[in-house]
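Since the structure of chain G is already known, use the hints to place chain E on it.
Protein chains: 2
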Amino acid sequence: MQYRNGVAAAAAEEETGVILGVDGGTTTTVCVCLPAASAAGGSPEKVPVLARAVAGCSNHNSVGEIAARETLEQVMAEALSKAGADHSAVRAVCLAVSGVNHPTDKQRILNWLRDIFPSHVKFYVENDAVAALASGTMGKLHGCVLIAGTGTIAYGFTEDGREARAAGAGPVLGDWGSGYGIAAQALTAVIRAHDGRGPPTNLSESILDKLKLSSPDELIGWTYADPSWARIAALVPIVVSSAEEGDEVANKILSNSVEELADSVIAVVRRLSLCGKEGKDSFPLVMVGGVLESNKGWDIAGKVTNCISKVFPGAHPIRPEN
Amino acid sequence: MQYRNGVAAAAAEEETGVILGVDGGTTTTVCVCLPAASAAGGSPEKVPVLARAVAGCSNHNSVGEIAARETLEQVMAEALSKAGADHSAVRAVCLAVSGVNHPTDKQRILNWLRDIFPSHVKFYVENDAVAALASGTMGKLHGCVLIAGTGTIAYGFTEDGREARAAGAGPVLGDWGSGYGIAAQALTAVIRAHDGRGPPTNLSESILDKLKLSSPDELIGWTYADPSWARIAALVPIVVSSAEEGDEVANKILSNSVEELADSVIAVVRRLSLCGKEGKDSFPLVMVGGVLESNKGWDIAGKVTNCISKVFPGAHPIRPEN
Numbered sequence: 009m010q011y012r013n014g015v016a017a018a019a020a021e022e023e024t025g026v027i028l029g030v031d032g033g034t035t036t037t038v039c040v041c042l043p044a045a046s047a048a049g050g051s052p053e054k055v056p057v058l059a060r061a062v063a064g065c066s067n068h069n070s071v072g073e074i075a076a077r078e079t080l081e082q083v084m085a086e087a088l089s090k091a092g093a094d095h096s097a098v099r100a101v102c103l104a105v106s107g108v109n110h111p112t113d114k115q116r117i118l119n120w121l122r123d124i125f126p127s128h129v130k131f132y133v134e135n136d137a138v139a140a141l142a143s144g145t146m147g148k149l150h151g152c153v154l155i156a157g158t159g160t161i162a163y164g165f166t167e168d169g170r171e172a173r174a175a176g177a178g179p180v181l182g183d184w185g186s187g188y189g190i191a192a193q194a195l196t197a198v199i200r201a202h203d204g205r206g207p208p209t210n211l212s213e214s215i216l217d218k219l220k221l222s223s224p225d226e227l228i229g230w231t232y233a234d235p236s237w238a239r240i241a242a243l244v245p246i247v248v249s250s251a252e253e254g255d256e257v258a259n260k261i262l263s264n265s266v267e268e269l270a271d272s273v274i275a276v277v278r279r280l281s282l283c284g285k286e287g288k289d290s291f292p293l294v295m296v297g298g299v300l301e302s303n304k305g306w307d308i309a310g311k312v313t314n315c316i317s318k319v320f321p322g323a324h325p326i327r328p329e330n
Numbered sequence: 009m010q011y012r013n014g015v016a017a018a019a020a021e022e023e024t025g026v027i028l029g030v031d032g033g034t035t036t037t038v039c040v041c042l043p044a045a046s047a048a049g050g051s052p053e054k055v056p057v058l059a060r061a062v063a064g065c066s067n068h069n070s071v072g073e074i075a076a077r078e079t080l081e082q083v084m085a086e087a088l089s090k091a092g093a094d095h096s097a098v099r100a101v102c103l104a105v106s107g108v109n110h111p112t113d114k115q116r117i118l119n120w121l122r123d124i125f126p127s128h129v130k131f132y133v134e135n136d137a138v139a140a141l142a143s144g145t146m147g148k149l150h151g152c153v154l155i156a157g158t159g160t161i162a163y164g165f166t167e168d169g170r171e172a173r174a175a176g177a178g179p180v181l182g183d184w185g186s187g188y189g190i191a192a193q194a195l196t197a198v199i200r201a202h203d204g205r206g207p208p209t210n211l212s213e214s215i216l217d218k219l220k221l222s223s224p225d226e227l228i229g230w231t232y233a234d235p236s237w238a239r240i241a242a243l244v245p246i247v248v249s250s251a252e253e254g255d256e257v258a259n260k261i262l263s264n265s266v267e268e269l270a271d272s273v274i275a276v277v278r279r280l281s282l283c284g285k286e287g288k289d290s291f292p293l294v295m296v297g298g299v300l301e302s303n304k305g306w307d308i309a310g311k312v313t314n315c316i317s318k319v320f321p322g323a324h325p326i327r328p329e330n
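The listed protein sequences correspond, in order, to chains G and E. If you count the first sequence from 1, position 15 lands on 23 in the working numbering, and the numbers rise without skipping. If you count the second sequence from 1, position 276 lands on 284 in the working numbering, and the numbers rise without skipping.
Calculated directly from the structure, the hints in this document are not laboratory data. A few of these clues could be false.
Unchecked claim - No more than 25 Å apart at the CA atoms, straight line, and that leaves these computed lysine to aspartate or glutamate pairs for DMTMM-like:
#, chain 1, residue 1, chain 2, residue 2
1, G, 218, E, 113
2, G, 220, E, 226
3, E, 220, G, 113
4, G, 114, E, 267
5, E, 220, G, 73
6, G, 260, E, 267
7, E, 114, G, 234
Looking at chain G on its own, in the form it has when it is part of the complex (with noise of 0.2 Å):
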C-alpha cells in the first residue's frame, strides 16, 4: 500500500497544474506545492518543491473549526501564491491533518475542500500520522508511527491495508506522553508542590521565571487565559532541563511519558500483529515530533525505543529528516 500512488495516479491524468501537500499539527502546519508532473512518477527524494509555507495550529479540536479552517485555507493560498500559481493550477490537494480521528472529521474537511477549489480537484484527507509514516518509509505504508509533538498518536498500517491507533484524543483523554501532558503534568507538579499536597521541585522557580510570574497561584490565571495545546505544550523544554539537573518530579513526570508513549506503540503493534506470530518480525517504526526531537540528555525517544525493543525485539527505529 503506498501513500504516494494515490496522488500520483490523479497527477499522471493531467502533467501540468500542481499539488498541494499538507502537513497539518497542532502546533505548526506546513504546506508544500509541488508540480502535478513530478507526483506521477520518480523517486520521492527528487520532487521539486516549487513553495513551502508555514502557519499554526491547524487541530480543530485545539483551536476549534473556524480558526483550524483558516489557517488551512492560509496555508495553501501562501503557498500558491509563492509558486506563482492560484486555484485553478490545483491538480489535488493532500491535507494530513492532526485531530482528523472519525470519518466525520474526515467528510466535513471534504465538503469544505470542495466549496474553495474547482470540481475536478482530487481530494486525500487523512490525519497527519499517515503522511508522518509515509515521510519515514520513503511512501510505504507498512509498519508504525509514533508523533509526539503537541499531541501524540500512535499509527500502524499492515501491507494488507490494515491500519490501527492509539492514543491521539488530545489532552482531556489523557494524551500524557504529549508535549501538552508533559507540560500539563509539570504546572500541576507546581500548584501541588505549593498548596502542600506534593514534594517540592525546580519545576516551580524554572516555570515561573519563563512564564514572567510570581507566585504559583498566578499559574491558574495564566494556564486559562488562552486554551491552545500549543503554548502549554512550549514548557516541555524546561521538563527536560530540570530533569537534566537531577530535579525527580521532572524525571518522574518524563519517565511516565515514555511509557505512556511506548504503551501506545505497543498497543497499535499488538493489534495488527505487526510484529508477526512469533512476536520478532521486523517493522519500521517511524519516530517524530518535538519532544522525540529536541532533547539530547535526557532521550526519550531513545527510551521510548528500549521499552518497545523489549517487547518486539523487531521494531526498526527510523527518525525521518525534518
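This is chain E only, laid out in the frame that chain G set:
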C-alpha cells in the same frame, strides 16, 4: 472571624433596601435577595429570603470572563426582579464565586461590580469555598471546607484569621478528585480500553449509551465540541453506578478521587495546624458539592472522611443542608 459580620455591619448602617448573596459554582449559580435589615443581626436560620434565582456556570476559568459576568449579572437581576426591587435598592453584594484564586481575580470582579451598582453599595468578593464553609459553621470562618462538585477545592481558616487552600486549580492543573476529574478519567478509560492500552470496562457501554454515540472514536469529537467543564462532570453518576456494579476500572477511578480529595484537606489542615500541636484537636470539616452528596451505594464522602480521620482524628464532618 465571622463571614456574616462584614455584611451585617454594612447593613446595620442602613436598615432599608436589600442585600444580594451569590453562590457561584462551575455548574450552578444561585442568588438570594435578603432584606438589608435582616442581616444586621439575628440568627442566620431566620433570615427571610425575598427571592431566589438560579443560573449556570459563573467560573470564568471554565466559560470565559464574558460568559461568567453575564451569568452573574443575569442571576442578580432576576433575583432583584423577583423581589420587586431594582439596583437602587441594593445596599451590599456578596459574591462567593468559584475561580476567584488570586487578588487580581477579586479586583477584576470588584471593578465590574462598581460599574453596574450605585457607588454607595458595599461589595464582598470571595472564592465560593468561603461561603460554603460559612454555610456549615453558622457563619464562623474556622475549620476546613471541601467542595467537590464540577470542580474541587479545600479551603481552611484559623480563628486568628490565617487561611490556606489546596486544589481548586481546574482540570488542566490536576483537580482529579472533582466531578470533571472523575468523568475525564472515565472517558479516558473508555478510549484506552478501545485502543488496547487499558483493560475492558463497563464504562464503555454505559457512557456511549448515555451520550448516544456508537463508537469510542466519537468520544473525541464529543469531548472537544464544547469546552464546558460541567458537561463532562455530568457523567459522574454513570461512573458511580458502574463502580457499584463492580466494575474494576470505575472503582479504581473513584478510589483515586477519594485519595485526591482527602489529600487536599490534609494539606490545608497541616499547613494551618487546624488539628493543634498534638494533631488531635477537633475542627469542623464542612463537605459540600455534588460528588459528595449524590451517591449512597459507593459513599465517596464517607470514604474521604475515613481517610482524613486516620490522619486527623479530630476532624468533625458537617454536611450542610442545601
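Legend entry - Hint check, failures only: Hints 2 and 4 are the ones this structure does not satisfy, whereas the remaining hints hold.
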